[in-house]
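Taken in order, these protein sequences are the chains called A and B. For the first sequence, position 3 (counting from the first letter as 1) is numbered 3 according to our numbering, and the numbering increases by one without interruption. Just so we're on the same page, our numbering is the position in the second sequence counted from 1, plus 379.
The hints are simulated quantities; they were obtained by calculation from the structure and are not laboratory data. One or more hints might be untrue.
[What the hints assert, rightly or not] Short, incomplete list of chain A residues facing chain B, as computed with Cβ under 8 Å:
{"#": "1", "residue": "S170"}
{"#": "2", "residue": "S194"}
{"#": "3", "residue": "G199"}
{"#": "4", "residue": "T203"}
{"#": "5", "residue": "A207"}
{"#": "6", "residue": "T210"}
{"#": "7", "residue": "N342"}
{"#": "8", "residue": "C344"}
Beta carbons: idealized from backbone N, C-alpha and C, even for Gly.
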Amino acid sequence: MNFACMSFVIMAITVLFSATSFAAAPIKIGALFAVTGPAAFLGEPERNTAKMVVDEINKAGGVKGRKLELVVYDTTGDATKAVQLATKLIKDDKVVAIIGPSTTGETMAVIPVAEKEQVPLISCSAGSKITDPVKKWVFKTAQNDALAVGRIYEHLQKTKQTSVSILTVSDGFGASGREQLKSQAAKYGITIVSDDTYGPKDTDMTAQLTKIRGSHSHAIICWGTNPGPALVAKNVRQLGIKTPLFMSHGVSSKKFIELAGEAAEGVKLPSGKVLVCDLLPKTESQKKSLVSFVKDYQNHYKAEGDHFGGHAWDAVMLLKNAIEHGGDKPSSIRDQLERTTNFCGIGGTFTYSAQDHAGLRKDAFVLVEIKNKDWVIVK
Amino acid sequence: MQFDQILQYVLSGFSTGAIYALIGIGFSIIYNATGIINFAQGEFVMLGGLLTLSCLQIFNLPLWAAIPCAVSASTVVGILFERLAIRPLRQPTPINLVIITIGGSILIRGLAMLVWGKDTHSIPAFSGDAPIAIGGATILPQHLWILAITLIIILANKLYFYHTISGKAMRACAYNRRAAGLVGIDVRRMVLFSFIISSAMGAVAGIIVAPLTMTAYDVGVMLGLKGFCAAIIGGMSSGISTVIGGLILGVLESLGAGLISSGYKDAIAFIILLLILFIRPQGLFGKADSERV
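Modelling step: build the complete structure from the supplied sequences, incorporating the hints.
Here's what the structure looks like:
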């Protein structure tokens, strides 16, 4: 390379770099999602949504004239990796806040890092222990299992179905659900007459269901994520069990109806409102956010937006509001997040306080029933 | 404890056991011809199910046409696997081969994830899903299909191994590779044959269970392990004892889940596996090898 050419290159590089320094530096936000691996059904829509929302905020002029920059890492659902990546986000990328991770296990592992480095963490996972007890720097957007359980039990109490059989998957999601189902039962006057589990990779649950059939309970509650619950629904039908079947919010997606087919008919489950946003009354305060999220997601990814993506939507928007009200310092973002009141998001209406970093009420869930391969709101 | 409850456990056990048996036989055929345990066997089960799905949805074939297509496609994968991964090996020691099959299984699973995505898919049942009542218990028409197809495959196996030249040649390889080679049997060809048969059988197993269990890129792992258990109980025979092994495993799992605790369902299978390996490594029904000095 001759001298003239070299000097041109150097000049070009100088110009390129100086050009960026004229505009205000973007505000860096970190994101940890399980985009691949077993929890990819959570991480993928979350990443897609987070990217979409940040793009849109930037297109509309950013926050206080500054652009947002999203740094996303894939944790593959691995807690060790999540911790390493969280440290990398804070130390190398110097982000002001972190969104994610996608699963409760990863979040619990990342919490000590966020607390030590004093960077706000808005988790997209559901486990209630994330914000109970309250940790100074940790918030979450996914609805607690406790709220979903409460929704089902409320319905059972109203319809006087007081004895239930529970069938939960033997992973983190199922264990947490099982704990909530057992601890809240007494409060609603419900007795659990049979308590069984199945493995996440099991292919036949007729043995457990035969046992449940013998227990003559008023209702069966199955707690798991696809594909297990679809098999449970099929097995229930095969065994000719007429007991009403309830599922968790873990299967509140069209995929469940597709997998379980005919067997899904009549199954009831608590679900975030995003699934039924078209059916909600106009007076519903969340309706505007919900409809715009679903429409945007449809335009961007040609797929239906689900509540998993919604958790990321809520996290980015909460963060945006916090930066708008305060500044881009981690400590002021944290303080502003805690002051969030009545923010109508996708997961529900958020009101954080010093005592509550989960921010949602039972009305975050609606009870839906599957009829003719579609959702119907149970009144 | 009511009688119809027990009956249901046993019937459920039989139907899952038949699946384990079919996969187990695939393990033992390759083991007998080559002396290796093909840990990629479970992946052929997965391929059978997912290829059928593609034939149904992308090429819009009817089910009766989709099944042979899927079986032949998986068989081609089996042939490629043998040609590209097993045959070129310079030092075919058992441990090398076993590690290669594990690697192959991870590769096939990874490719399947890229092709079909991470979602679970369902395939329609062969003849409806109205349950059939037997006594106080119920089974699905698909369970009958599984039992019938397993039976047919076992009979066909029996015919092949005892009444055809190439079947007999394969058994000769199983007894003594070197001697088989000396009397003019092309041992390498027999190895290829064994991969063809077992990948086709794995695919059939995957197809007939898919309507019940649904299918995804990672179903091969657990089904493969359970099939391996069945084969170990049956002493790695390619005949009736592996079938009995599978059925025993299925029934014990189902009874264990129903009567003891559903949490221990998988543990039961692996405890049996370990016990058999410790106490009767030749299988429940096998005679111990006697070494002639």
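Hint-by-hint comparison with the structure:
no. : hint : in the structure
1   : S170 : 6 Å, holds
2   : S194 : 10 Å, violated
3   : G199 : 6 Å, holds
4   : T203 : 4 Å, holds
5   : A207 : 4 Å, holds
6   : T210 : 4 Å, holds
7   : N342 : 37 Å, violated
8   : C344 : 31 Å, violated
Comparing the model with each numbered hint stated earlier shows that hints 2, 7, 8 do not hold.
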